[in-house]
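Per this note's numbering, the very first residue in the sequence shown carries number -8; after that it's consecutive.
The hints are all genuine.
The list that follows gives simulated cross-link-like pairs (lysine to any residue, SDA-like), each with its CA atoms no further than 20 Å apart: (1) 59 - 524; (2) 357 - 272; (3) 357 - 261; (4) 557 - 495; (5) 111 - 60; (6) 557 - 322; (7) 59 - 533; (8) 59 - 525; (9) 217 - 28; (10) 147 - 77; (11) 524 - 61; (12) 99 - 114; (13) 111 - 182; (14) 76 - 520; (15) 502 - 403; (16) 111 - 58; (17) 217 - 40; (18) 524 - 504; (19) 546 - 274; (20) 524 - 71; (21) 111 - 98; (22) 546 - 223; (23) 357 - 271; (24) 217 - 286; (25) 111 - 180; (26) 357 - 367; (27) 217 - 293; (28) 502 - 525; (29) 557 - 498; (30) 357 - 276; (31) 147 - 104; (32) 76 - 148; (33) 59 - 286; (34) 254 - 123.
Label pairs and their calculated CB-CB ranges: (35) 357 - 59: 50 to 56 Å; (36) 138 - 206: 29 to 35 Å; (37) 323 - 296: 22 to 28 Å; (38) 173 - 95: 16 to 22 Å.
Rather than coming from a laboratory, the hints here were simulated on the basis of the structure.
No residue lacks a Cβ here, since even glycine has one placed at the ideal position from N, Cα and C.
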Amino acid sequence: MNRKLLSLVFASVLALTACKKDQDAQTEAAVETAASSDLFQYVPADSPYLLGNLDSLPEAVMDGYMDKAGPLLDQLQVQFDTLLKQAQQDSDTDDALVIAWLEELSGKLNRQGLESMGLKLGAKQVIYGIGPFPVWRMEIGDADAIRATVDRVTGKAGIELTTHELDGTEYWLSSGDEDGRAVVAILDDHLVAALLPTTMVQEALPSLLGQQPPAQALDAVDALAKLNRDNGYTPYGSGYVDIGRIVDLFLDGNSPNAQAFRKATDFDATLDAQCVAEIRSITDQFERMEFGVRRMDTQGMDAHFALDLAQGLADELSALTIADSVFGSDPGGAVSMSLGLRIGAFRDWMMNMASARIANPYSCDKLQNLNDQWARMQSQLNSPMPPFIANFTGLRMKLNSIQMMGAMPGNAEGLFAISTSNPQMLIGMGQMFLPDLAQLDLAPGGEPQPLSLSSVPVPVENAYIAMSDDAIGIALGEGEDANLQAFLANHSESNDALLTFGYDFSFYAEKMADLFDSMPVDEEDQDALNLQKEMLRLYSDWLDRQFTTVSLTGKGVEMSQSVSLK
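Given the sequences, and given the hints that come with them, work out the whole structure.
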């Protein structure tokens, strides 16, 4: 290894180590702050999910977002004012509460206005479950201001709230039946809201109102901090869903939580041991969902999502991807997409799955439909697969521009590639549809050659074709042929990447506006359509690009998404 390369590797390791240390320090600082808050003290140990942010966004980031979102909020205010005017003029409307809230929000869709209502922007929040039933706690800026806001809104709406009290703490309880009641309370430093079966409300109130912790509490701060450290998440938002714990509530939980859950979902709990075992054999393949924010600053944000799968299933799926067909990073352009999947191997894997299930069918009555589906799948997969499909390993597309013909796409400029284990076979198949291919002398690594697409129904200009050892590429548009060979060689460095998708927000807004213009719209709906177009334009003034990668890893299904701001 030469010295220059060694230095580069060494510098990269140092940079990654520094980033990791910075992120760990950020997490530890957030843990100290969050641990002193009442917000995270009331999560029961058996909560099947936990979502929250251990820290608020830095003021500079918050101000940056509010500044950039200002024009959008102004336009949203215009829409609110229009809705308010329409509701006030409608003599038949009974949306008194909606009108009251629209009046309250008038002129307040900005940081100063929202904080005047008692809200705290960038507030720490936590969402968890009492059993499966959701509880939301959120920091507030001013408890008295929030109470005054609620009093103004309900007073204008002519609604008289009945205030309940437990040991000196006031709360509101919605009307409802035994299936569900909403509980809301404004505590000293945060707001709490929950949706619970009526039979569970009284028992849950002391914990909901912050008067006592649950009998067995989860160290929610530690749980979120560990999640963040393990996955490289920031303290600005993360969480998980324990799929197995939710399944337990359906299948064999005898607690009041479990019984209420089954009743609320109309789930028939009369399952014998065999049914329980067979259902678990399915659900045990899906272990947990995790998600979090890896970066959030004035330049944009990176988010991550993972569905943890059983180890054997995760390894089998990971073996089906082929990184050579997938973009390693955002290639730019108006729209991009890539896919890397061994179609032949995927078909064989599905066949093996179907054969195994047919040889050992489910005996549970409630799963007989799955037996039928596996049988139909095996029958369909037994059909001969054309060689060019069996040899398919992926595709890539980078579209720089496209002209719309009404609601349909027209002439385009960009680069396209189909990956295959046998490019020559694919060329032979293509000659059946494009006879001009037979006149070309294509060879791997050769110069792109002009391609006539006169038989294609959509007008296409300046088309070129080239070949590599494992792909066939087409360039559309003037000068794009010069980029074709490099495009064919652009592969991902990740062996697990399955799919990528990216787009430019300005392009998206422009094409959506064109689509709106091509739609026949009644005159009375035109104003609403114009408002939507303006919102899209404002989004495109703020948001730059979005790029998403989906991977099949040894962990399961993972998705990473990056959004950049202008």
